[in-house]
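Asks: This is what each chain is made of:
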Amino acid sequence: MQKTRDHKALWLVAPALLLVAFTAVIPLMTVVNYSVQDTFGNNQFFWVGAEWYREILRSDRFHAAFLRQIAFSATILAIEIPLGLAIALTMPKKGLGVSVCLVLMALPLLIPWNVVGTIWQIFARVDIGLLGHTLNGLGIDYNYTQRVGAAWATLIIMDVWHWTSLVVLLCYAGLAAIPPAYYQAARIDGASRWAVFRYIELPKMSRVLLIAVLLRFMDSFMIYTEPFVVTGGGPGNATTFLSVDLVKMAIGQFDLGPAAAMSVIYFLIVILVSWAFYTIMTRDDFESSGGAQ
Amino acid sequence: MARIDLKNVAHSYAATPSSENDFALKKLNVCWQDGGAYALLGPSGCGKTTLLNIISGLLHPTQGAVLFNGTDITSRSPEARNIAQVFQFPVIYDTMTVYQNLAFPLQNRKVPKGEIDVRVRRLAEMLELSNYLSRRARDLSADEKQKISLGRGLIREDVAAILFDEPLTVIDPQLKRSLRSQLKRLHAEFNHTMIYVTHDQTEALTFADQVIVMSEGEIVQTASPQELFERPAHTFVGRFIGSPGMNVLPCAIDNTHAILEGHAINIGRAITLPAGAERIEFGVRPEFVKISDSKDALPVTVEAIEDAGRYRIARLRFHDLRLAAILPESAPLPSGTTRIIFDTENTHLYADSRLVERRA
Numbered sequence: 001m002q003k004t005r006d007h008k009a010l011w012l013v014a015p016a017l018l019l020v021a022f023t024a025v026i027p028l029m030t031v032v033n034y035s036v037q038d039t040f041g042n043n044q045f046f047w048v049g050a051e052w053y054r055e056i057l058r059s060d061r062f063h064a065a066f067l068r069q070i071a072f073s074a075t076i077l078a079i080e081i082p083l084g085l086a087i088a089l090t091m092p093k094k095g096l097g098v099s100v101c102l103v104l105m106a107l108p109l110l111i112p113w114n115v116v117g118t119i120w121q122i123f124a125r126v127d128i129g130l131l132g133h134t135l136n137g138l139g140i141d142y143n144y145t146q147r148v149g150a151a152w153a154t155l156i157i158m159d160v161w162h163w164t165s166l167v168v169l170l171c172y173a174g175l176a177a178i179p180p181a182y183y184q185a186a187r188i189d190g191a192s193r194w195a196v197f198r199y200i201e202l203p204k205m206s207r208v209l210l211i212a213v214l215l216r217f218m219d220s221f222m223i224y225t226e227p228f229v230v231t232g233g234g235p236g237n238a239t240t241f242l243s244v245d246l247v248k249m250a251i252g253q254f255d256l257g258p259a260a261a262m263s264v265i266y267f268l269i270v271i272l273v274s275w276a277f278y279t280i281m282t283r284d285d286f287e288s289s290g291g292a293q
Numbered sequence: 001m002a003r004i005d006l007k008n009v010a011h012s013y014a015a016t017p018s019s020e021n022d023f024a025l026k027k028l029n030v031c032w033q034d035g036g037a038y039a040l041l042g043p044s045g046c047g048k049t050t051l052l053n054i055i056s057g058l059l060h061p062t063q064g065a066v067l068f069n070g071t072d073i074t075s076r077s078p079e080a081r082n083i084a085q086v087f088q089f090p091v092i093y094d095t096m097t098v099y100q101n102l103a104f105p106l107q108n109r110k111v112p113k114g115e116i117d118v119r120v121r122r123l124a125e126m127l128e129l130s131n132y133l134s135r136r137a138r139d140l141s142a143d144e145k146q147k148i149s150l151g152r153g154l155i156r157e158d159v160a161a162i163l164f165d166e167p168l169t170v171i172d173p174q175l176k177r178s179l180r181s182q183l184k185r186l187h188a189e190f191n192h193t194m195i196y197v198t199h200d201q202t203e204a205l206t207f208a209d210q211v212i213v214m215s216e217g218e219i220v221q222t223a224s225p226q227e228l229f230e231r232p233a234h235t236f237v238g239r240f241i242g243s244p245g246m247n248v249l250p251c252a253i254d255n256t257h258a259i260l261e262g263h264a265i266n267i268g269r270a271i272t273l274p275a276g277a278e279r280i281e282f283g284v285r286p287e288f289v290k291i292s293d294s295k296d297a298l299p300v301t302v303e304a305i306e307d308a309g310r311y312r313i314a315r316l317r318f319h320d321l322r323l324a325a326i327l328p329e330s331a332p333l334p335s336g337t338t339r340i341i342f343d344t345e346n347t348h349l350y351a352d353s354r355l356v357e358r359r360a
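The listed protein sequences correspond, in order, to chains A and B.
The opening residue of the first sequence carries number 1 in the numbering used here; numbering runs sequentially from there.
The opening residue of the second sequence carries number 1 in the numbering used here; numbering runs sequentially from there.
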């Protein structure tokens, strides 16, 4: 049989290639380009090699922001994933309650991020905010503009309020996809509620949980708008996360080279950690047998 | 092990059933003897699975009571009823090994470890799963998964009854036959009450001592496979069972003759029709239709001959009536027009779809 050799296929992938080039590859390469050069304005650039990378990786400021970022994402995941799972498990399975719950759950997700920030900025204010004023009225010394703990608590509660719904909706979708026969079989087999969760619901939800963890990790790791609006990175640098720091560097100080290098490092960290999550959570799918009992 | 009685049981999936048609299962009384092998046979949507789920306790009947050994257990959970049930599609616990899957129902009932081990290994032997015991269940094929499901149904020896809901649907024909005979063997060994739901007549007739034929939420006949063949109590049974099904032809009655399109057929007995009967039908299985040249035979047109392997099916027409006849392999093939007679002993009359009993 004669093989046809022409390049028609190229035309079929060309639109996708072009789109990806303009939306992802070219902007990314621009940043990479900046990260290995220095400029004094006037559109003049000098090659500096890995200088900016070395500087960023050695800087205490980057280390501190990185640790804060890790702490923030870890806390968010530790709260939102179990909480979302728990809420999804208690949601009604049929009837009018389903639509009511789903709409209520989806509401926070529909609010623009800077509006969420503004809502909480005002809600938590000590002078006029319902939350801040009430807490102080109860004798709790709460002030997110002055106290590190209060600032962190505000940001974490805000994120939980904003994003737990996403985890709930994903888990609920996963639960809804389990055929009723599994629950019936479990009842026949005399399985306890815990066993149903452990051996049916959790394994069947592992895929959506993976997606939930990845989405929440990436999003929280890149969080910018809400801390910027609520605390502005303060008090001091207490809530200056990586992206807040990055913007300060790029726009505040106009250090294009270091900011670009930091962007690339930031990007690689997100990819690396996401890959690690993916590998760990799907590890089970690839290994074959275990022991008899 | 238990005798199971259903007393006036009816079920509707509607919240407030208003008419007879709202009931997926119309009022029925059934008695299943301890240790019997029963098949529930009927087309999809006739209420077989509903009936099964009522027995296992997954469904609470809208009306009536379920009795095990005379005790009313209608409000008990499936677990408390001590019932085993196997579903149409494989249900396995993904993260467990085959061994753990089989052991699960026993573990939940706190059976001692040593005993679990003995039973799991023995059952695995029977189901030919021994080599897979340490494999993770979800890595197996659909066939093997369904064997695990079957195994979980069969692992408990003290169950009141084992219910099968079309358990062999996903299994390929070769294995189907062997599993079916294994089930029969298990039944003979342990004497469990077994109820087997299927829409496949071969499966029902080979598995069960008693077959319960259902149609549109009602039981139309409960009988042995032989009786279902020889004396279908309802035209539905006649048509549904047999390949091809029974010929059911509208007719009139004249004393000892059935009149088909003006042609009188001797049915060898006087007939008393039930009062108010509206639709009279004449039924005869294709096995009892014979080509004949006797002078009172029915002249028919041959429309087609189908070869079914061991025998041939002749599709015949008499005026507007269509009927089938099974021809033995050696018989000469009729063509054009021919004449047929019916085996008088095996002809039936139906009034409003129900069999008009012969009198002794």
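Careful: at least some of the hints might be erroneous.
[To be verified] Dumping the calculated DSS-like pairs for lysine-lysine here, alpha-carbon to alpha-carbon at most 27 Å:
1) B/Lys-7 <-> B/Lys-26
2) B/Lys-110 <-> A/Lys-204
3) A/Lys-204 <-> B/Lys-145
[What the hints assert, rightly or not] Ranges of calculated distance between the beta carbons of each label pair, as one might list FRET restraints:
4) B/Ala-65 <-> A/Arg-193: 49 to 57 Å
5) A/Trp-161 <-> B/Gln-107: 38 to 46 Å
6) B/Asp-143 <-> A/Thr-75: 30 to 38 Å
Derived from the structure by calculation, the hints contain no laboratory data.
Being a predicted model, the structure only gives us computed values, none of them experimental.
Cβ atoms here follow ideal geometry from the backbone N, Cα and C, with glycine treated the same way.
Asks: Could you say whether the range 38 to 46 Å given as a hint is met by the Cβ separation of A/Trp-161 and B/Gln-107?
Replies: holds (41 Å)
Asks: Assuming the hint says 30 to 38 Å, is it satisfied by the Cβ distance from B/Asp-143 to A/Thr-75 or not?
Replies: violated (48 Å)
Asks: Has the given pair, A/Lys-204 with B/Lys-145, been kept, meaning a C-alpha gap of at most 27 Å?
Replies: holds (16 Å)
Asks: Assuming the hint says 49 to 57 Å, is it satisfied by the Cβ distance from B/Ala-65 to A/Arg-193 or not?
Replies: For B/Ala-65 and A/Arg-193 the Cβ distance comes to about 28 Å; the hint is violated.
Asks: B/Lys-110 and A/Lys-204 were given as a pair; does the straight-line alpha-carbon distance stay at or below 27 Å?
Replies: holds (26 Å)
Asks: For a C-alpha distance cap of 27 Å, please report whether B/Lys-7 and B/Lys-26 respect it.
Replies: holds (12 Å)
Hint compliance for this structure: hints 4, 6 are not met, and every other hint is.
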